[in-house]
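Build the full structure now, drawing on both the sequences and the hints.
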Amino acid sequence: MAEEVRGYLAQLGLRSLDEAVGRVELLRQRTTGDERADALDLSPLIAPPEHLDEPRRFEARVELQDPRSDLGDEVMADAFQRVWDGDEIDLHYGIRNKDRAIGAALSGAIALEYGTLPPLGTARLRFEGSAGQSFGAFVTHGVELELVGEANDYVGKGMGGGTIVVRPPANDASVVQGSAAGSPVLAGNTCLYGATGGELFVAGSVGERFAVRNSGALAIVEGVGDHCCEYMTGGTVVVLGRVGSNLGAGMTGGQAFVWDPEAERLMSRINTDLVEAIRPEPDALVELRWLVERHVERTESLRGAELLKVWDQATEQLWHILPRERVRRIEGGAARQVSAL
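All the letters of the sequence shown, read from the start, carry residue numbers 0 to 340 under numbering that gives the first Met the number 0.
These aren't lab readings, by the way, just hints derived from the structure by calculation. Do not rely on the hints blindly, as some may be mistaken.
To be verified - Quick list of the computed label-pair ranges, beta carbon to beta carbon: (1) E299 to V20: 51 to 59 angstroms; (2) Y92 to Q28: 48 to 56 angstroms; (3) K97 to V4: 35 to 43 angstroms; (4) I329 to A1: 27 to 35 angstroms; (5) L8 to L41: 16 to 24 angstroms; (6) E299 to T31: 50 to 58 angstroms; (7) H91 to Y113: 23 to 31 angstroms; (8) E299 to R278: 27 to 35 angstroms.
Remember, predicted model here, so these are calculated numbers, not experimental data. Ideal Cβ placement from N, Cα and C applies to all residues, glycine included.
Printed below as a string of structure tokens:
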């Protein structure tokens, strides 16, 4: 490609791409043979400047966005010492999409002091608004984040403990209508990436690559995009709604539950190289119901509440996605029980 570009530049009498900047007199509108395309008048785009002696390049200084968030520093200042002292605190903040990785600094300081042990106190932090990327990244024990609004990509990235709750405002249209199929999209792509622990409850849908490389976190959401649970080795994921394609690709551990009330051809969306979908066993149904009840308690989810109302009828709409080896163990255990009878 570089050699081809070099040849084109030579044909134009130029030695580099830098010399081509601003040389609009070298451009011509070509005929495509398409009547509509050829009718376009591109002359304003390729007209040479009136003053040829002026610089052809526009340069402007762009201030780089400060990677640190004032909100993150504020949370750290408000909460760390009180958590260290063993206090149970509740703090409230507004949040904007420029506020990134909120909770990471506080969690890092706690982990530095306590390691994998929970601290003496607990910080319950509530935010309202639109969170920037990596909301709740690397959250650890002793930190509970609740977001009333929406978040960008990487929610809960690398979290090892604690709790993250994302729920829509009370005036959200889909919440007001109470539509089971209309869960709002509340978080972006690659949420829960590389998580090792903790809990995530989202009363809405999330984007693609949810829970990739999850190895120990619990998560409940109400819809996911493509590649959910990719390379997952542990933990539990519950999806109360539609899923995208390639579910469970490379998944060697953990488990996923899916509620599929609209019969959205779930089986065709699972990557069956390493996992299978089966109907939940009685013990798994008990576990799943408990998880859904917790989801409703933490998020006031209408969709979760609807599932609980029709639980007995919904058992034929529930799927348990597991690695093949674990499915074989379940089937083997059931066979041994039958033979014992």
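Checklist entry - Range hint 48 to 56 angstroms: satisfied by the CB atoms of Y92 and Q28? => result About 54 angstroms separates the Cβ atoms of Y92 and Q28, which means 48 to 56 angstroms holds.
Checklist entry - Range hint 16 to 24 angstroms: satisfied by the CB atoms of L8 and L41? => result At roughly 22 angstroms between Cβ atoms, L41 and L8 fall inside 16 to 24 angstroms, so the hint holds.
Item to check | Beta-carbon spacing of K97 to V4 - inside the hinted bounds 35 to 43 angstroms or not | outcome: At roughly 37 angstroms between Cβ atoms, V4 and K97 fall inside 35 to 43 angstroms, so the hint holds.
Next on the checklist: Looking only at beta-carbon atoms, does the pair E299, T31 fall within the given range of 50 to 58 angstroms?
Outcome noted: Since E299 and T31 have Cβ atoms about 56 angstroms apart, the given range 50 to 58 angstroms holds.
Checklist entry - Taking the beta carbons of E299 and V20, is their distance inside 51 to 59 angstroms? => result Given about 56 angstroms between the Cβ atoms, the range holds.
Checklist entry - That 27 to 35 angstroms hint for E299 and R278 (C-beta), does it hold up? => result holds (29 angstroms)
Item to check | Distance restraint evaluation - I329, A1, Cβ atoms, bounds 27 to 35 angstroms | outcome: With a Cβ separation near 56 angstroms, I329 and A1 fall outside 27 to 35 angstroms, so the hint is violated.
Checklist entry - Do the beta carbons of H91 and Y113 sit within 23 to 31 angstroms of each other? => result holds (25 angstroms)
The structure does not agree with numbered hint 4 stated previously, though it agrees with all others.
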